[in-house]
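A.B. asks: Given next are the chains, with one letter for each unit.
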Amino acid sequence: MKKSVVKYQYWRTLCSFFLCALVVLSGCSIKLISSYDETTDKAVTALQRTVESFFIAVESEEGSPGCEYQNHKKFYEEAKVEISAIEVRARAMPKNEITIKQIELLGDSLNKLESLHKISCLSKDQIEPLRRAFNSSFTAILKLEFAKKRGEAL
Amino acid sequence: MSLNVSELATKMLDAAKGVLSEKWPEIQDYAETETKKLAESLVMIEKLKLAGRINEEQAKLHFDIQKNAARTVLLTVEGLGILAVEQALNAASAVVKDAVNTAVGFHLL
Numbered sequence: 000m001k002k003s004v005v006k007y008q009y010w011r012t013l014c015s016f017f018l019c020a021l022v023v024l025s026g027c028s029i030k031l032i033s034s035y036d037e038t039t040d041k042a043v044t045a046l047q048r049t050v051e052s053f054f055i056a057v058e059s060e061e062g063s064p065g066c067e068y069q070n071h072k073k074f075y076e077e078a079k080v081e082i083s084a085i086e087v088r089a090r091a092m093p094k095n096e097i098t099i100k101q102i103e104l105l106g107d108s109l110n111k112l113e114s115l116h117k118i119s120c121l122s123k124d125q126i127e128p129l130r131r132a133f134n135s136s137f138t139a140i141l142k143l144e145f146a147k148k149r150g151e152a153l
Numbered sequence: 000m001s002l003n004v005s006e007l008a009t010k011m012l013d014a015a016k017g018v019l020s021e022k023w024p025e026i027q028d029y030a031e032t033e034t035k036k037l038a039e040s041l042v043m044i045e046k047l048k049l050a051g052r053i054n055e056e057q058a059k060l061h062f063d064i065q066k067n068a069a070r071t072v073l074l075t076v077e078g079l080g081i082l083a084v085e086q087a088l089n090a091a092s093a094v095v096k097d098a099v100n101t102a103v104g105f106h107l108l
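Line order of the protein sequences matches chains W and Y. Position 64, counted from 1, in the first sequence is what numbering that gives the first Met the number 0 calls 63; the numbers after and before it change by one each time, with no gaps. Position 80, counted from 1, in the second sequence is what numbering that gives the first Met the number 0 calls 79; the numbers after and before it change by one each time, with no gaps.
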């Protein structure tokens with residue numbers, strides 16, 4: 000009997016605490032993750048276009064001297080600058096750790112793509128999985144960014 | 000009208016559960032589609048290696064890029080989950096707001 004009274008009091012206290020906390024919090028909406036950023040959205044979309052243009056160019060150059068790394072050095076330099084700019088902006092936003100990690104991974108993938116290209120020209124059958132991986136990354140970053148708009152469909 | 004703690008807690012829980020059950024299937028569908036795509040890519044790389052079209056160093060770089068893509072997808076799944084929890088908490092807190100405002104008879108919250 001005594002045990003059930005203690006249990007009831009514990010439960011009541013817990014509910015009251017939870018209720019009080021929510022009453023305090025209900026004055027403003029709770030935000031666990033950063034807000035949507037249009038600049039990040041546009042920059043990531045533009046970068047996807049740049050990477051896709053690169054893949055199309057390299058595919059069309061297969062077997063010709065144009066496919067060599069030296070002829071595409073500018074692409075890597077520009078893409079690195081873009082990723083750095085997106086990362087700096089992402090770091091300036093509060094509660095944006097997930098997007099920061101995603102941009103870091105994208106930068107690492109670009110470095111690895113560059114290493115692959117330095118070894119040899121990228122063949123069409125190598126480009127296919129690379130294109131899929133980069134597009135999956137871009138889609139993932141943008142999907143989260145759009146979801147941050149809140150109240151809209153995922 | 001006075002506030003009933005257990006009734007209010009039930010309503011809050013229902014509001015939160017409603018949001019989570021609505022969001023989860025969408026997140027699950029996305030995760031399933033993306034992991035399938037990544038698995039297909041891994042098979043493509045393995046075939047390239049076995050056919051001798053790429054060497055070990057190239058295969059490793061390809062796998063690392065796929066691994067990065069997989070981690071990026073999983074981070075989005077994590078983020079969508081956090082956003083769903085956030086919406087669930089806000090839905091529960093809206094229930095409190097409505098109940099308190101109704102109980103006191105004016106817009107307190």
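Note that these hints are calculated values from the structure, not bench results. The beta carbon of each residue, even a glycine, is placed where N, CA and C say it ideally should be. Take the hints with a grain of salt, since some may be wrong.
Unchecked claim - In silico DSS-like pairs for lysine-lysine, Cα to Cα no more than 30 Å straight-line:
{"hint": "1", "chain 1": "Y", "residue 1": "K16", "chain 2": "W", "residue 2": "K123"}
{"hint": "2", "chain 1": "W", "residue 1": "K111", "chain 2": "W", "residue 2": "K30"}
{"hint": "3", "chain 1": "W", "residue 1": "K30", "chain 2": "Y", "residue 2": "K46"}
{"hint": "4", "chain 1": "W", "residue 1": "K148", "chain 2": "Y", "residue 2": "K35"}
What the hints assert, rightly or not - Simulated restraints, written as ranges between beta carbons of each label pair:
{"hint": "5", "chain 1": "Y", "residue 1": "T9", "chain 2": "W", "residue 2": "S114", "range": "51 to 59 Å"}
{"hint": "6", "chain 1": "W", "residue 1": "N70", "chain 2": "Y", "residue 2": "E56", "range": "19 to 27 Å"}
{"hint": "7", "chain 1": "Y", "residue 1": "A30", "chain 2": "W", "residue 2": "E103", "range": "18 to 26 Å"}
{"hint": "8", "chain 1": "Y", "residue 1": "A30", "chain 2": "W", "residue 2": "K148", "range": "16 to 24 Å"}
{"hint": "9", "chain 1": "W", "residue 1": "I29", "chain 2": "Y", "residue 2": "E25", "range": "16 to 24 Å"}
Unchecked claim - Here are a few chain W residues that sit away from chain Y, every Cβ distance over 12 Å (derived from the structure):
{"hint": "10", "residue": "K41"}
{"hint": "11", "residue": "A42"}
{"hint": "12", "residue": "S52"}
{"hint": "13", "residue": "I55"}
{"hint": "14", "residue": "C66"}
{"hint": "15", "residue": "N70"}
{"hint": "16", "residue": "E77"}
{"hint": "17", "residue": "V80"}
{"hint": "18", "residue": "A91"}
{"hint": "19", "residue": "Q101"}
{"hint": "20", "residue": "D107"}
{"hint": "21", "residue": "D124"}
{"hint": "22", "residue": "E127"}
{"hint": "23", "residue": "R131"}
{"hint": "24", "residue": "K147"}
A.B. asks: If a hint holds in the structure, say so; if it does not, say that too.
C.D. replies: Each hint, compared with the structure:
1. Simply put, Y:K16 and W:K123 have alpha-carbon atoms about 47 Å apart, too far for the 30 Å limit, and the pair is violated.
2. Note on W:K111 and W:K30: the hinted pairing is violated, with a Cα-Cα distance of about 35 Å set against a maximum of 30 Å.
3. For a cut-off of 30 Å, the pair hint linking W:K30 to Y:K46 is broken: about 46 Å separates their Cα positions.
4. For a cut-off of 30 Å, the pair hint linking W:K148 to Y:K35 stands: about 27 Å separates their Cα positions.
5. The hinted window of 51 to 59 Å between Y:T9 and W:S114 holds, with their beta carbons roughly 57 Å apart.
6. In this structure, W:N70 and Y:E56 meet the distance hint of 19 to 27 Å, their C-beta atoms being roughly 22 Å apart.
7. Checked against the hint of 18 to 26 Å, the pair Y:A30 and W:E103 passes, with Cβ atoms roughly 21 Å apart.
8. For Y:A30 and W:K148, the Cβ-Cβ distance of about 20 Å falls inside the hinted range of 16 to 24 Å, so the restraint holds.
9. Take W:I29 and Y:E25: their Cβ atoms lie about 21 Å apart, and the range 16 to 24 Å holds.
10. With a minimum CB-CB distance of about 18 Å to chain Y, W:K41 clears the 12 Å threshold, and the non-interface call stands.
11. Every CB of chain Y is more than 12 Å from the CB of W:A42 (nearest about 16 Å), matching its label as outside the interface.
12. Once the 12 Å rule is applied to beta carbons, W:S52 is consistent with being away from chain Y; the minimum gap is 18 Å.
13. The beta carbon of W:I55 sits about 18 Å from the closest Cβ of chain Y, which is more than 12 Å, so the claim that it is off the interface holds.
14. Distance to chain Y confirms W:C66 as a non-interface residue, since its nearest Cβ pair spans about 15 Å, more than 12 Å.
15. With a minimum CB-CB distance of about 19 Å to chain Y, W:N70 clears the 12 Å threshold, and the non-interface call stands.
16. With a least beta-carbon separation of about 19 Å from chain Y, W:E77 lies farther than 12 Å from that chain, consistent with its non-interface assignment.
17. Against the 12 Å criterion, W:V80 stays outside the reach of chain Y, whose nearest CB is about 20 Å from its own CB.
18. Listed as outside the interface, W:A91 is consistent with that label: its C-beta sits roughly 18 Å from the nearest C-beta of chain Y, beyond the 12 Å cut-off.
19. A cut-off of 12 Å between C-beta atoms contradicts the statement that W:Q101 is not in contact with chain Y; the least separation is 5 Å.
20. Non-interface status of W:D107 relative to chain Y is broken: a Cβ of that chain comes within 12 Å, the nearest being about 6 Å off.
21. Remark: the non-interface label on W:D124 conflicts with the geometry, its nearest Cβ contact in chain Y lying 6 Å away (cut-off 12 Å).
22. A cut-off of 12 Å between C-beta atoms contradicts the statement that W:E127 is not in contact with chain Y; the least separation is 6 Å.
23. Distance check for W:R131 against chain Y: the nearest CB is about 5 Å away, which does not clear 12 Å, and the non-interface claim fails.
24. With a least beta-carbon separation of about 7 Å from chain Y, W:K147 fails to lie farther than 12 Å from that chain, contradicting its non-interface assignment.
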